[in-house]
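Start from the sequences, fold in the hints, and give me the full structure.
2 protein chains.
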Amino acid sequence: MECNDYNITRDLERKNLNLNPLQRGGVLPREAREALHDFGDGYSVCDYCSGRLDEIAKPSISGFLEDLSKFLKVDDVRTTHGARESKFIVMHSICEPGDVIVVDGNAHYTTHLAAERAGLEIIEVPNSRYPEFRVDMDVYEETLKNSIDEYGEIKLAVLTHVDGDYGNLTDAKSFGNFCNKLNVPSLLNCAYSMGRLPIDANGWNIDFVVGSGHKSMAASGPIGVLGMKHEWAETLLKRSPRHTKKEIEMLGCTSRGAPIATLMASLPHVVSRVNNWNEEVELSRSFVAKLEEIEGITQLGIRPTNHDLVRFDTPILHEISKIHPRKGFFLYEELKSRNIVGIKRGQTEWFKCSTYGMSKDQRDYITDSFKEIVEKFAK
Amino acid sequence: MECNDYNITRDLERKNLNLNPLQRGGVLPREAREALHDFGDGYSVCDYCSGRLDEIAKPSISGFLEDLSKFLKVDDVRTTHGARESKFIVMHSICEPGDVIVVDGNAHYTTHLAAERAGLEIIEVPNSRYPEFRVDMDVYEETLKNSIDEYGEIKLAVLTHVDGDYGNLTDAKSFGNFCNKLNVPSLLNCAYSMGRLPIDANGWNIDFVVGSGHKSMAASGPIGVLGMKHEWAETLLKRSPRHTKKEIEMLGCTSRGAPIATLMASLPHVVSRVNNWNEEVELSRSFVAKLEEIEGITQLGIRPTNHDLVRFDTPILHEISKIHPRKGFFLYEELKSRNIVGIKRGQTEWFKCSTYGMSKDQRDYITDSFKEIVEKFAK
Chain F
24 MECNDYNITR DLERKNLNLN PLQRGGVLPR EAREALHDFG DGYSVCDYCS GRLDEIAKPS
84 ISGFLEDLSK FLKVDDVRTT HGARESKFIV MHSICEPGDV IVVDGNAHYT THLAAERAGL
144 EIIEVPNSRY PEFRVDMDVY EETLKNSIDE YGEIKLAVLT HVDGDYGNLT DAKSFGNFCN
204 KLNVPSLLNC AYSMGRLPID ANGWNIDFVV GSGHKSMAAS GPIGVLGMKH EWAETLLKRS
264 PRHTKKEIEM LGCTSRGAPI ATLMASLPHV VSRVNNWNEE VELSRSFVAK LEEIEGITQL
324 GIRPTNHDLV RFDTPILHEI SKIHPRKGFF LYEELKSRNI VGIKRGQTEW FKCSTYGMSK
384 DQRDYITDSF KEIVEKFAK
Chain B
24 MECNDYNITR DLERKNLNLN PLQRGGVLPR EAREALHDFG DGYSVCDYCS GRLDEIAKPS
84 ISGFLEDLSK FLKVDDVRTT HGARESKFIV MHSICEPGDV IVVDGNAHYT THLAAERAGL
144 EIIEVPNSRY PEFRVDMDVY EETLKNSIDE YGEIKLAVLT HVDGDYGNLT DAKSFGNFCN
204 KLNVPSLLNC AYSMGRLPID ANGWNIDFVV GSGHKSMAAS GPIGVLGMKH EWAETLLKRS
264 PRHTKKEIEM LGCTSRGAPI ATLMASLPHV VSRVNNWNEE VELSRSFVAK LEEIEGITQL
324 GIRPTNHDLV RFDTPILHEI SKIHPRKGFF LYEELKSRNI VGIKRGQTEW FKCSTYGMSK
384 DQRDYITDSF KEIVEKFAK
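Those protein sequences? They're chains F and B, same order as listed.
Its first residue numbered 24, the first sequence is counted upward by one per residue in the numbering used here.
Its first residue numbered 24, the second sequence is counted upward by one per residue in the numbering used here.
Hints listed in this document are in silico derivations from the structure and should not be mistaken for laboratory results.
Worth double-checking, as some hints may not be accurate.
Mimicking DSBU-like on lysine-lysine, the simulated pairs with C-alpha atoms at most 30 Å apart in a straight line are [said to hold, decoys possible]:
| id | chain 1 | residue 1 | chain 2 | residue 2 |
| --- | --- | --- | --- | --- |
| 1 | F | Lys261 | B | Lys367 |
| 2 | F | Lys268 | B | Lys178 |
| 3 | B | Lys93 | B | Lys196 |
| 4 | F | Lys81 | B | Lys350 |
| 5 | F | Lys367 | B | Lys269 |
| 6 | F | Lys96 | F | Lys81 |
| 7 | B | Lys399 | B | Lys383 |
| 8 | F | Lys81 | B | Lys359 |
| 9 | F | Lys196 | F | Lys93 |
| 10 | B | Lys178 | B | Lys269 |
| 11 | F | Lys269 | B | Lys367 |
| 12 | F | Lys367 | B | Lys81 |
| 13 | B | Lys81 | F | Lys38 |
| 14 | B | Lys313 | B | Lys399 |
| 15 | F | Lys178 | B | Lys261 |
| 16 | B | Lys81 | F | Lys350 |
| 17 | F | Lys252 | F | Lys268 |
| 18 | B | Lys350 | B | Lys402 |
Here you go:
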């Protein structure tokens, strides 16, 4: 048979400034590029395996997991195929179909899908709506209490640490503590935080933390992280009665090639960038301030922002699209001609973006470009 | 914090002939090495996504899946995180906890784990035991009929197309046909066949075929394939009522970085090598014949072999280990000094190996090395 041409090339990241928040935390540093090269082949990390991925000594997956648990301040940790798979593992292990869980109103769609796949009912904690869309811990606690009253037992409470729509950072410590008080296991979805900002799972009294290597930990996708309090290890990491070395929920082994090799190689880089998180937030705030100098561009979500992912209302860009010959495509095309990408083609009413890891000059170049585009076309 | 040294380097495959069957089918060809470079970053295939991984047009994942379904002669196909994850998806979608399934006696441990994770009971079809360990289709059909009589309904029958212990190739067509006649959905585990030898899912009347990109399709791990008859698509690919583009069992998207990019880039190479499968089998048989010239080395499993994965009983090597100063380590060390790896350190009573994709000269070098080692030490 003759195969189609799949057009498998990508230079977007090399040749442009990419504002897509999905892409910013998964760019590989040099060390991970080297690991990618060495561990590109299929089962590359399995040369010296004696039956347990998490116990492989060369490369030292066991040493890595030890460091990772220290980094997250969590008792036990495993790698999975992604944050969504980590969430499903928790739900599938500790809940039964028909059980009720509580989830914050800014949850990622994969939290809903993991719950649907596990056959669970979702009670949603509303956010504060426009313009902040804040998930307030008092509202969460109240919703959780009401749900316990109504359903008798709530099997899991899920909080999105930083959501993917507004970049709102939630109060994990308060969440962990009231969940613990109410005897409801807590899961913190750290897909947009783990690898960007400090995580203190035990300090926050969280039962389960999940993260994403490709989203925020400078790893090649797909790979996720699942950390847990030790009391859950017996349930989540239960071994097969037939194959006694193998953990059932992991189906024996999970990520076993370039994703784990790059995640490992990137950890020292990630540890160091997390230490600089405050500077990153300052740069993000200053980026927002400069963009807001344009009349008709306003940041949504909590202000000032506590994250690099920010969402803007952009009525001025929408106005321009109405009179521009290229209609809604003008923004994408104007940015592209300046080697700025990552905002969807045709989108002008609002956008979300991230400048994570970019230099101050690069960020200034982006805000200047927006100013230039608006000045060029606004009436 | 200070990270451990994880020793993340690998030159085993570059500098040695690797006999580990796990590794032979997952070595990347040049095209896939290029894709690995371009798509190394986290969410690299998601630049132009509008909500469905399988519909992305750049790179053309949609075009690739179309080709893949033609290649496997199957109606619908998705990529997953691995063959094991594909098996779990099928079991989780079409079975309920407590249901009974039938599995062949040479099944991979991940078939058992997937069933355990889905809460299923396993009835095992015995193999023919030493020395062939053959899974006979008459025995399978009889076991399946008896199981239907005993349990009323059998929700799934699983057959390992080529097993990982003996490299025995089973009769998929006969299996598909009697399962269909008995009204039991059939799953063929092609982890050691898809990407090595031709698959004809519809011709064999198989409901589900699963494969492994990193094991047999020249892809970076982890990535799996799940093909199905169209009548199952509605169940397995059911969409979320809340997020109507997203498939629940896939948790929205599955493999989304280097693994899928390398699998795509490798497909033309894989299609072409599958066309040469008969030559590969001839080379494997001739490798076996040469190794069997050594007294005390005998191939187990079906003879002559129909696969590159072969298992040998090696009493002569075990005898040597009893008198050699390095005991059981002598074989590993002697081979290593000749740049031959992939047989476990300390193992001498038996081994399994594969020379898949090696040149005739390389294979001859390996058999000559074994002869040399035995001559050097045997009494």
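Each hint tested on the structure:
1. Distance check on the hinted pair: Lys261 (chain F) and Lys367 (chain B) sit about 27 Å apart at the alpha-carbon level, within 30 Å; holds.
2. Under the criterion of a C-alpha separation no larger than 30 Å, the hint pairing Lys268 (chain F) with Lys178 (chain B) is consistent with the structure, at around 28 Å.
3. Restraint check for Lys93 (chain B) and Lys196 (chain B): satisfied, since their Cα atoms lie roughly 18 Å apart, inside the 30 Å limit.
4. With a C-alpha separation of about 23 Å, the suggested pair Lys81 (chain F) and Lys350 (chain B) falls inside the 30 Å cut-off, and the hint holds.
5. Proposed proximity of Lys367 (chain F) and Lys269 (chain B) is supported: the alpha carbons are some 19 Å apart, at most 30 Å.
6. With a CA separation close to 24 Å, the supplied pair Lys96 (chain F) and Lys81 (chain F) stays within the 30 Å bound.
7. Taking the CA atoms of Lys399 (chain B) and Lys383 (chain B), the gap is about 24 Å. The hint holds against a cut of 30 Å.
8. A threshold of 30 Å between alpha carbons decides the hint, and for Lys81 (chain F) with Lys359 (chain B) the separation of about 17 Å falls inside it, so the pair holds.
9. Pair hint Lys196 (chain F) plus Lys93 (chain F) holds up; C-alpha atoms about 18 Å apart against a cutoff of 30 Å.
10. Among the hinted pairs, Lys178 (chain B) with Lys269 (chain B) is consistent with the structure: their alpha-carbon atoms are about 26 Å apart, no more than 30 Å.
11. Under the criterion of a C-alpha separation no larger than 30 Å, the hint pairing Lys269 (chain F) with Lys367 (chain B) is consistent with the structure, at around 19 Å.
12. At most 30 Å may separate the alpha-carbon atoms for a hinted pair to count; Lys367 (chain F) and Lys81 (chain B) meet this at roughly 14 Å.
13. Of the pairs offered as hints, the one joining Lys81 (chain B) and Lys38 (chain F) holds, with about 17 Å between alpha carbons and a cut-off of 30 Å not exceeded.
14. Only pairs whose Cα atoms come within 30 Å are accepted, and Lys313 (chain B) paired with Lys399 (chain B) is accepted, the gap being roughly 18 Å.
15. A C-alpha spacing of about 25 Å is found between Lys178 (chain F) and Lys261 (chain B), which places the hinted pair at or below 30 Å, so the restraint holds.
16. Between Lys81 (chain B) and Lys350 (chain F), the direct Cα distance comes to roughly 23 Å. Compliance with the 30 Å bound is thereby established for this hinted pair.
17. Proximity of Lys252 (chain F) to Lys268 (chain F) is assessed by CA-CA distance (about 21 Å); at most 30 Å being required, the pair is judged to hold.
18. Among the hinted pairs, Lys350 (chain B) with Lys402 (chain B) is consistent with the structure: their alpha-carbon atoms are about 15 Å apart, no more than 30 Å.
Every hint from the earlier list agrees with this structure, and none is contradicted.
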